[in-house]
Amino acid sequence: SAVISQKPSRDICQRGTSLTIQCQVDSQVTMMFWYRQQPGQSLTLIATANQGSEATYESGFVIDKFPISRPNLTFSTLTVSNMSPEDSSIYLCSVGRGVASTDTQYFGPGTRLTVL
Amino acid sequence: SQQGEEDPQALSIQEGENATMNCSYKTSINNLQWYRQNSGRGLVHLILIRSNEREKHSGRLRVTLDTSKKSSSLLITASRAADTASYFCATGVYSGGGADGLTFGKGTHLIIQP
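Just so you know, the sequences run in chain order L and S. For the first sequence, the working numbering assigns the number 655 to the initial residue and increments by one for each residue that follows. For the second sequence, the working numbering assigns the number -9 to the initial residue and increments by one for each residue that follows.
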């Protein structure tokens, strides 16, 4: 398994500002993923972040709104830019080791974001 | 896009009873994973079943997978109050460049009545 931490655990932000969420893993991992969970909903994949390459975004998510960094094999950041109340969600990072059939993905504790 | 659908969306049972949750999906998969989430916190991984497996056990958990019907079930036996949580299935696909991110179902909210 992997131990994953996220900072901040929660934040309340004003409309139009940006927030950067950090994800730290206790071991080197190939694949890191960012998800969004809107209130009362399930999780939706935002993007895949591999070290040394540009993040790959899912349909409906763009780099200008959710820029991602992956500077090394244990760390990634997700920025939520120019926030609006619709961005209020829990943001979770997860990690996987890239071996498809047995690739358990482990999740961080999440960052609960409220935009006023 | 979400391809998993869980039913029921909510389930309330008495402590000690068994709880069964179902999940359906639409496309071919490499594996299917079940997660638990307590009160909007992080997800706890419960069990992974590969596409070539039909049944898997872990403690009080039993997962089945029927790839011909594109469905899975999670059975929790002898339920406890601490099992109260939301349960999600998630399917994994391998695209050639590595495992893709998971596609989650809508989840089942399970309440265990003491």
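Keep in mind the hints are simulated off the structure, nothing from the lab. Hints are supplied without guarantee of correctness; some may be wrong.
As the list claims (entries may be wrong) - Examples of chain S residues lying across from chain L (beta carbon under 8 angstroms, computed):
(1) Arg70
(2) Ala71
(3) Ala72
What the hints assert, rightly or not - Pairs of lysine to any residue residues, derived as SDA-like cross-links and limited to a Cα-Cα distance of at most 25 angstroms, are as follows:
(4) S/Lys46 with S/Ser18
(5) S/Lys96 with L/Gly714
(6) L/Lys661 with L/Gly706
(7) L/Lys661 with S/Arg26
(8) S/Lys96 with L/Arg664
(9) S/Lys16 with L/Gln692
(10) L/Lys719 with L/Thr671
(11) S/Lys16 with L/Asn736
(12) S/Lys46 with L/Gly706
(13) L/Lys719 with L/Ser655
(14) L/Lys661 with S/Lys16
(15) S/Lys16 with S/Gln4
(16) L/Lys719 with L/Asn736
Treat the numbers as computed from the prediction; the structure is a model and nothing was measured. In this text, a Cβ means the ideal position worked out from N, Cα and C, and glycines have one as well.
Violated hints, by number in ascending order, as checked against the structure: 1, 2, 3, 11, 12, 13, 14 and 15
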